[in-house]
Amino acid sequence: MKGIGSTMALLGSILFSFLLAVRFPQSLFAFLLFEGSLIAIYYSSIPNNLKLWLGALVLLWLMPILGYINGYYLEVAIQIGIYVALALGLNIVVGFVGLLNLGFVAFYAIGAYLWAIFGSTQANQFIPGGLFPLSPSWFFVFLLLSIVVGAVTGTLLGLPVLRLRGDYLAIVTLGFAEVVRALVNNLDKPVNLTNGPRGIAPITKPPLFFQPLLEFIGVKVAEAQLYPLYFYFVILAMVCVIVLVTRRLENSRIGRAWKAIREDEVAAAAMGVPVVRTKLLGFAVGASFASAVGVLFAAKQVFINPESFTFMESIGVLAMVILGGMGSIPGAILGATAVTILNLQLLKGLSLWLNGLRQSGAVLSLPFLGSYSLSQLPAQFEPAKYERMVFGLILILMMIFRPQGILPPRQERRK
Amino acid sequence: MALLELRGVSKRFGGLQALTRVSMDLEDGMIASLIGPNGAGKTTLFNTLTGIYQPDEGEMRFLNRSLVGLKPDKITGAGISRTFQNIRLFAHMTVLDNVLVGMHARLNTSVPAILLRLSRFHEREKLARHKAMELIELTGLCGRENEWAHQLSYGEQRRLEIARALAAEPTLLLLDEPSAGMNAAEARSLMALFVELMGRYVKAILLIEHNMRVVMGISHRVHVLDYGEKIAEGHPDEVRQDPRVIEAYLGQGSWVENARS
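Chains as they are written, first to last, in the numbering used here: chain X, 1 to 415; chain Z, 1 to 261.
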């Protein structure tokens with residue numbers, strides 16, 4: 001059997017990085033190495049079904065163990081999952097159909113508020129009867145409902161604006177996102193729908209329907225640790241479904257029509273592609289992904305307010321798609337992972353390190369400039385505050401050096 | 001029976017009268033050419049026919065069905081497909097995918113079938129690929145199917161445009177300067193291809209062409225446009241004797257002599 005050597009080598013390095021991360025649960029480096037093993041699997045030359053098995057090993061088994069040891073890793077993994085799902089949704093709109101959407105976060109917000117309003121006491125404000133919050137089981141109903149709501153709002157927005165091209169479309173979608181944010185910010189009067197800037201809390205979490213089963217097999221996990229694990233698996237499942245749906249659409253007449261519109265709208269129409277309907281479908285599919293992820297986000301956060309859905313979020317997701325490579329599913333996944341790790345781990349880690357230096361009163365002696373006490377370092381230098389600058393840098397550097405992204409779509413080799 | 005009937009089709013762009021009451025008939029089994037000096041309105045007529053422009057006046061009927069007001073994709077669905085003068089391929093898609101996009105109107109797999117990968121999806125996709133490969137072979141692009149369209153040479157791109165247009169299973173094929181930029185040998189093989197297409201793949205061809213060897217060699221009928229008006233129509237031999245045609249072309253070189261030699 002071919003590739004058995006490289007499989008074993010890969011397995012070895014995965015286990016090594018895993019053990020390293022278990023041994024040093026606070027080490028950023030060990031965790032990055034572990035995350036890197038997924039990329040190694042993707043790039044390796046082993047057969048696809050082996051890649052799938054190794055990926056499943058890492059994601060379904062090793063990652064939860066690691067997350068159980070260090071809860072923050074699980075939080076990072078869930079955030080990555082959320083952004084991967086968002087990036088995959090935006091990738092359809094921007095990467096496949098070629099429509100620059102700067103207001104993608106609006107659909108995310110719609111999904112999040114959908115569950116936040118009905119999954120908390122908020123809905124009692126305008127629906128009498130004290131029926132709310134809905135019981136946890138409704139979470140899954142709303143997950144499905146949010147797909148419909150996302151698709152409908154995507155279509156409704158798409159209908160008037162898809163006649164516009166390029167920059168004009170970008171500006172209108174940006175405006176739409178601001179309208180949505182302004183609405184949730186102000187719809188606390190005359191009827192209190194969204195509770196305005198104060199946000200909504202607490203939001204019901206999904207049901208722990210598997211708990212009896214866990215007790216039955218003798219696994220005891222405290223609820224505080226169970227929920228992160230639970231959300232991790234839910235987002236993982238969602239990402240898998242989204243990847244599957246996206247791939248299947250991509251390799252069909254619909255995906256081909258999307259790309260044809262991106263390449264040349266006039267020629268696509270002349271080849272029998274109904275341009276408006278096909279664009280709307282792309283818009284709706286992307287929006288429904290974002291909306292479904294929004295429901296999960298609301299349940300995970302327990303508290304949401306309009307601040308979570310700013311323009312920066314849209315730009316962030318766009319940066320992920322561009323970094324990874326527009327029109328490429330592995331690209332969107334890689335881009336979202338890289339940017340999230342950069343924000344949550346590298347910048348934060350750097351901040352912590354600098355803070356440590358500042359507090360220890362270390363003195364930096366520079367030639368010709370004399371010595372400089374790090375305790376005088378102004379707080380503005382905190383790297384965690386440079387998220388926006390990092391997005392900007394990513395966008396600029398990618399446009400200059402690698403406009404097609406890190407993992408651009410490959411020419412498929414079909415037999 | 002006339003496949004295509006144009007009656008008094010006019011198109012204005014602001015003050016410019018691009019087409020003035022153009023009428024023509026195209027019979028089943030016919031290769032017709034549309035010629036005329038640059039700016040005569042030939043491509044405008046194609047764009048009007050395929051729904052990219054809407055005519056200001058006049059009637060266009062195809063298989064006894066009016067084309068006026070239809071969107072481009074509906075017109076393709078009705079059985080007219082075209083190539084473009086300035087090549088408009090889907091540059092960042094493979095040759096095979098380019099041809100498959102051409103089949104969009106004929107390949108009506110539903111979204112559930114696509115998402116659930118029903119057997120219906122696999123059957124149709126397989127059939128589509130099979131047909132696409134046949135067209136790729138027919139246009140001499142065999143072995144290039146997995147390359148990106150922009151990697152092809154100019155002549156190959158022109159042929160891919162034809163393959164893509166044929167994928168829509170047209171009754172009437174519109175070709176906008178298919179032999180532009182080709183040498184004599186390539187143009188000859190293209191003519192042979194057009195003759196081969198007739199009856200087997202399409203029922204009629206209307207082509208815009210500047211290469212008089214091609215026009216005179218394969219056309220059953222020639223229509224001449226000048227300043228948006230049709231000034232002559234007939235058998236190639238008649239048209240080349242027509243004094244109005246000669247007048248329209250004067251100053252552009254004696255094409256009549258070229259065509260004769």
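Please note that the accuracy of each hint is not assured.
[Unchecked claim] With the Cβ distance kept under 7 Å, some of the chain Z side facing chain X (calculated, not the full set):
| hint | residue |
| --- | --- |
| 1 | 53 |
| 2 | 76 |
| 3 | 78 |
| 4 | 79 |
| 5 | 87 |
| 6 | 88 |
| 7 | 91 |
| 8 | 97 |
| 9 | 104 |
| 10 | 114 |
| 11 | 119 |
| 12 | 120 |
| 13 | 123 |
| 14 | 127 |
| 15 | 168 |
Calculated from the structure, these hints are not laboratory results.
Yeah, the Cβ is synthetic: ideal placement off N, Cα and C, and Gly gets one too.
Please write out, lowest number first, the hints stated earlier that are contradicted by the structure.
The structure breaks hints 1, 3, 4, 5, 11, 12, 13, 14; every other hint is satisfied.
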